[in-house]
Amino acid sequence: MDEGLTLTRSSQQTELDMGKDMNTDAHLDAAQDWLPPEAPLEMPRQVLERDSRRAEWPRLLRLILPGKAV
Amino acid sequence: MSSSPRKAARRALPADARTKLIRTLALSFALLAALVASTLLADAAIQDGVDVWDVVRGVLIFVTTAWLAWGATLSFVGLAPRVGKRRPAPELQSPAPRLVVLVPICNEDPVTTFARIAAMDRSIQAEGLASDIAILSDTRNEDSALLERQTYLRLIRETHGEGRIFYRRRDDNRGRKAGNIEEFIRRSGGAYDFALILDADSLMEGRAVREMAAKMQADPKLGLLQTLPKIIGARSFFGRAMQFAASFHSPIFTRGLERLQGNTGPFWGHNAMVRVNAFAESCALPELAGPPPFGGHILSHDYVEAALLARGGWRVQVDHTISGSFEEGPENILSYAKRDRRWCQGNLQHSRLLLSPGIAGWSRFVFLQGIFAYLVSVLWAAFLITSVVATILAPVPNYFPEPHMLFPVFPDDRTKEITALIVGIMGLLILPKFAILYEASGTRRTARFGGSVRAGFSVVAEILLSSLIAPLMLMYQTKAVLQVLSGRDGGWPANQRGEGALSLMEGFRAGLWIMLTGGAALALVARVAPDLTLWLLPVCLPMLAAPFLIAWTSRPLTHALFLVPEERRPAPVIRSYREILGRWQAEPRADVASPEATHVPA
Numbered sequence: 001m002d003e004g005l006t007l008t009r010s011s012q013q014t015e016l017d018m019g020k021d022m023n024t025d026a027h028l029d030a031a032q033d034w035l036p037p038e039a040p041l042e043m044p045r046q047v048l049e050r051d052s053r054r055a056e057w058p059r060l061l062r063l064i065l066p067g068k069a070v
Numbered sequence: 001m002s003s004s005p006r007k008a009a010r011r012a013l014p015a016d017a018r019t020k021l022i023r024t025l026a027l028s029f030a031l032l033a034a035l036v037a038s039t040l041l042a043d044a045a046i047q048d049g050v051d052v053w054d055v056v057r058g059v060l061i062f063v064t065t066a067w068l069a070w071g072a073t074l075s076f077v078g079l080a081p082r083v084g085k086r087r088p089a090p091e092l093q094s095p096a097p098r099l100v101v102l103v104p105i106c107n108e109d110p111v112t113t114f115a116r117i118a119a120m121d122r123s124i125q126a127e128g129l130a131s132d133i134a135i136l137s138d139t140r141n142e143d144s145a146l147l148e149r150q151t152y153l154r155l156i157r158e159t160h161g162e163g164r165i166f167y168r169r170r171d172d173n174r175g176r177k178a179g180n181i182e183e184f185i186r187r188s189g190g191a192y193d194f195a196l197i198l199d200a201d202s203l204m205e206g207r208a209v210r211e212m213a214a215k216m217q218a219d220p221k222l223g224l225l226q227t228l229p230k231i232i233g234a235r236s237f238f239g240r241a242m243q244f245a246a247s248f249h250s251p252i253f254t255r256g257l258e259r260l261q262g263n264t265g266p267f268w269g270h271n272a273m274v275r276v277n278a279f280a281e282s283c284a285l286p287e288l289a290g291p292p293p294f295g296g297h298i299l300s301h302d303y304v305e306a307a308l309l310a311r312g313g314w315r316v317q318v319d320h321t322i323s324g325s326f327e328e329g330p331e332n333i334l335s336y337a338k339r340d341r342r343w344c345q346g347n348l349q350h351s352r353l354l355l356s357p358g359i360a361g362w363s364r365f366v367f368l369q370g371i372f373a374y375l376v377s378v379l380w381a382a383f384l385i386t387s388v389v390a391t392i393l394a395p396v397p398n399y400f401p402e403p404h405m406l407f408p409v410f411p412d413d414r415t416k417e418i419t420a421l422i423v424g425i426m427g428l429l430i431l432p433k434f435a436i437l438y439e440a441s442g443t444r445r446t447a448r449f450g451g452s453v454r455a456g457f458s459v460v461a462e463i464l465l466s467s468l469i470a471p472l473m474l475m476y477q478t479k480a481v482l483q484v485l486s487g488r489d490g491g492w493p494a495n496q497r498g499e500g501a502l503s504l505m506e507g508f509r510a511g512l513w514i515m516l517t518g519g520a521a522l523a524l525v526a527r528v529a530p531d532l533t534l535w536l537l538p539v540c541l542p543m544l545a546a547p548f549l550i551a552w553t554s555r556p557l558t559h560a561l562f563l564v565p566e567e568r569r570p571a572p573v574i575r576s577y578r579e580i581l582g583r584w585q586a587e588p589r590a591d592v593a594s595p596e597a598t599h600v601p602a
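Those sequence lines, one after another, are chains A and B. Under this note's numbering, the residues of the first sequence are numbered 1 to 70, in order. Under this note's numbering, the residues of the second sequence are numbered 1 to 602, in order.
Worth flagging that the hints you see were computed from the coordinates, not collected in a lab. We put the CB at the ideal spot given by N, CA and C, even for glycine. Accuracy of the hints is not assured; some may be wrong.
What the hints assert, rightly or not - If you anchor each label on the Cβ, the simulated ranges turn out as follows:
hint : chain 1 : residue 1 : chain 2 : residue 2 : range
1    : A       : 50        : B       : 21        : 29 to 37 Å
2    : B       : 439       : A       : 35        : 31 to 39 Å
3    : A       : 50        : B       : 16        : 27 to 35 Å
4    : A       : 38        : B       : 90        : 26 to 34 Å
5    : A       : 38        : B       : 128       : 50 to 58 Å
6    : B       : 81        : A       : 42        : 22 to 30 Å
What the hints assert, rightly or not - Incomplete in silico selection of chain B near chain A, CB under 8 Å:
hint : residue
7    : 129
8    : 168
9    : 180
10   : 182
11   : 186
12   : 187
13   : 191
14   : 193
15   : 280
16   : 281
17   : 284
18   : 288
19   : 356
20   : 357
21   : 464
22   : 465
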């Protein structure tokens, strides 16, 4: 079991403070070349609602459901 | 640019004859059970005449029983013996596929998350697999983001992962997790054949990754392969009960799901491998018209992505036989209910997609199941309320229906029918779990759970716990559904992982409204329909004890009850994760590697 291995908020904060104490921000800013390789892939946006239904569904839902003005 | 299903070159793969037969049998069983339940209720209810409440109750018991029977059917289908020989698992062929592990994170604890990544990287390397890892951060908090960057440097130093373990943080978190992955694929998808999508709390063995890649490689039509993640690291009574159920019962339910879903399997959002070009051509989700909770970003994106892959002619499959797939689960009822609130909104939003063009019929049915998973709580609550109302409004028995009768005519006693109905409903809930225990004893699977006797005790304890907390879940889910239906957007807050035990005060804060509702319901019924008081006790008593149950079940459980194999003999990747995390936590200094060491060649 995982007893004693959970990082608490206070230990996170301590680590963060120590990190700041070490003045690592400049280091971190200098090392920004961590991005994955650039190899674009097209992703066509999918159609999930027909145009006519696109307009009607929210109206129908608002008609049925309370708390929504039609 | 958008893609309509009419333009798609491929159509959804049809289900084979065997899958169709299993679906027909399963649906028939569920409908038959529902018919029997509503007949029993009608038999008991119509003796004093039929009124509108009897009809409403009949419809409600039909729908709710059909839902329960459907759940039981999954286990029965999963328990059925396998027909034919299992095909040997394929081996990875050369040239090896280009792999990437995607870890989307948003305001997570980077130390535990990146320690998992280090352990997985070690395990993947040990398998001789070449795989990149991309940490995709949507973290909004600047302090948290700084800690992420510091911990990333430690991860790079730990794994020597320069040039293959990447970190990028988005400027805006449009589309949340789905948008995060989409952004990666748009920018870098062309560099990879397969992507293993994880959550921040996911942990996977390199062997499992290899097996998945080999299966994807061997079946060019396989668009997505979902594993069954086992819950690990639970400490509380509630968490360990869930961990046990996920380890002991879920493989059988998932095998049932595999057989029923055929080519139109599920995607649970993580611990699954996708074919990158299939995902790219099929899964760019649109925003739905109108405001949340029904419009805007699609919250439960995974179900929709599975449906879209199937619409594009790709196979989507869940495979429970792939071992070495892990995740963490909620540690108490409160965090479970919070997660449920998010899922509830996401699933109810799918009502907008039931008539989406080109979607396979089974995908629509899966949407409907997801919606019903939450609506059914409201229907059960409505059934209880209408039962009380029907009893109050029932006409006074006429003991002398004919004039000048010498002897009274007593109404028939229908206790037997009502008892049979309750026993039947309880049977649908409990029988699958005992059937799984029987199967596990027969196949000696119980040996890994501490033997048949201990596994038996664990099964009984899990059933008792589920029965106790079921009324609480009913209340939380009913509240969630009503909130969503009234237009309240719960958003999609970050997961709260690793939360500890809850105090009694926290239990009262979370459960007082349930306690008061249960108390009021019991007092009302005792006054206006005392005959029903006894019947309602199994629902009202746990509600009265809600704050205590919430606090008590969140406490640590160190007993051997609910023992699972991963506690006795943790998988290598779990041991590795604990070793790395222990070391990192023992030395909290975020030693930063030099910029040169982390420079990624263009």
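Taking the hints in turn, this is what the structure says about them:
| no. | hint | result |
| --- | --- | --- |
| 1 | A/50 <-> B/21: 29 to 37 Å | 33 Å, holds |
| 2 | B/439 <-> A/35: 31 to 39 Å | 49 Å, violated |
| 3 | A/50 <-> B/16: 27 to 35 Å | 30 Å, holds |
| 4 | A/38 <-> B/90: 26 to 34 Å | 32 Å, holds |
| 5 | A/38 <-> B/128: 50 to 58 Å | 27 Å, violated |
| 6 | B/81 <-> A/42: 22 to 30 Å | 46 Å, violated |
| 7 | 129 | 18 Å, violated |
| 8 | 168 | 5 Å, holds |
| 9 | 180 | 13 Å, violated |
| 10 | 182 | 6 Å, holds |
| 11 | 186 | 5 Å, holds |
| 12 | 187 | 6 Å, holds |
| 13 | 191 | 4 Å, holds |
| 14 | 193 | 11 Å, violated |
| 15 | 280 | 5 Å, holds |
| 16 | 281 | 7 Å, holds |
| 17 | 284 | 4 Å, holds |
| 18 | 288 | 7 Å, holds |
| 19 | 356 | 5 Å, holds |
| 20 | 357 | 6 Å, holds |
| 21 | 464 | 22 Å, violated |
| 22 | 465 | 19 Å, violated |
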